[in-house]
Amino acid sequence: MTNFDKFKTYCRKFCVQTRLAVRISLSITAITTFATQAAAQNNPQEIRLDFNDAALSQVLKSIETQSRYTFFYNNDIDVTQSVSAHIASSDINSVVTAVLKGTDIAHRITDNRVVLFVGGGDAADDQERSISGKVTDAAGLPLVGVTVLGSPAPISPP
Amino acid sequence: MTDVNGGYTVRVPGSGAEIVYSYIGYQSQQRIVGSQTVINLALQESTAEIARSW
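So the sequence lines, in the order shown, correspond to chains A and B.
Residue numbers 229 to 386, in this note's numbering, belong to the letters of the first sequence in order.
Residue numbers 1161 to 1214, in this note's numbering, belong to the letters of the second sequence in order.
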């Protein structure tokens, strides 16, 4: 083997090693990035509330901006009523419970949605009932064959 | 499913229940039952367009 051949072999080995090293470092970067993202999702940010006699709507908005949760409620809920809340927690359930303490509002959490409704703890409240109504289009003409689903179960957003 | 007059009746388990209304070509809507026994609503046409293929 000539010196030149030796040199070529050496070069080739060096090349392979360098490439391997680059590949390993790339994989490590990818894994680290992925792990960081996963950790961020598993540890939702802490929700901090410090309100004295503030409007409920204001407090709910604050929770929405600090977390991935959205509130759903209808006109039965008086969001202008004042509430006080001093809490720092990453558990949405304890945050909402603290906010609604002293009101007649109950809540249910489904996926990223917090549903508010009146009359928590009332026995009559959990009674099955019939709801009826009419579905129209924007012009007030009846729509035939609209799917109407009543559900306490998680509903995936459209 | 709504009838020819757009009317419907649905049974729900309690006041915390939700009702979802969906119809092809219209935006789905959700309502929380609360203390209501009659819920009328109007669906808005969906503005999403089917992509043109030409």
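Note that these hints are calculated values from the structure, not bench results.
For clarity, every value in this text was computed on a predicted model and none was experimentally measured.
Ideal Cβ positions, reconstructed from N, Cα and C, are used throughout, including at glycine.
There could be a bad hint or two in this list.
Claimed, not checked - With the Cβ distance kept under 7 Å, some of the chain A side facing chain B (calculated, not the full set):
hint : residue
1    : Ile252
2    : Arg296
3    : Thr298
4    : Asn302
5    : Asp304
6    : Val307
7    : Ser310
8    : Val346
9    : Val372
10   : Gly373
11   : Val376
If you check each hint against the structure, which ones fail? Numbers 1, 2, 3, 6, 7 - these are the hints that the structure violates, sorted from lowest upward.
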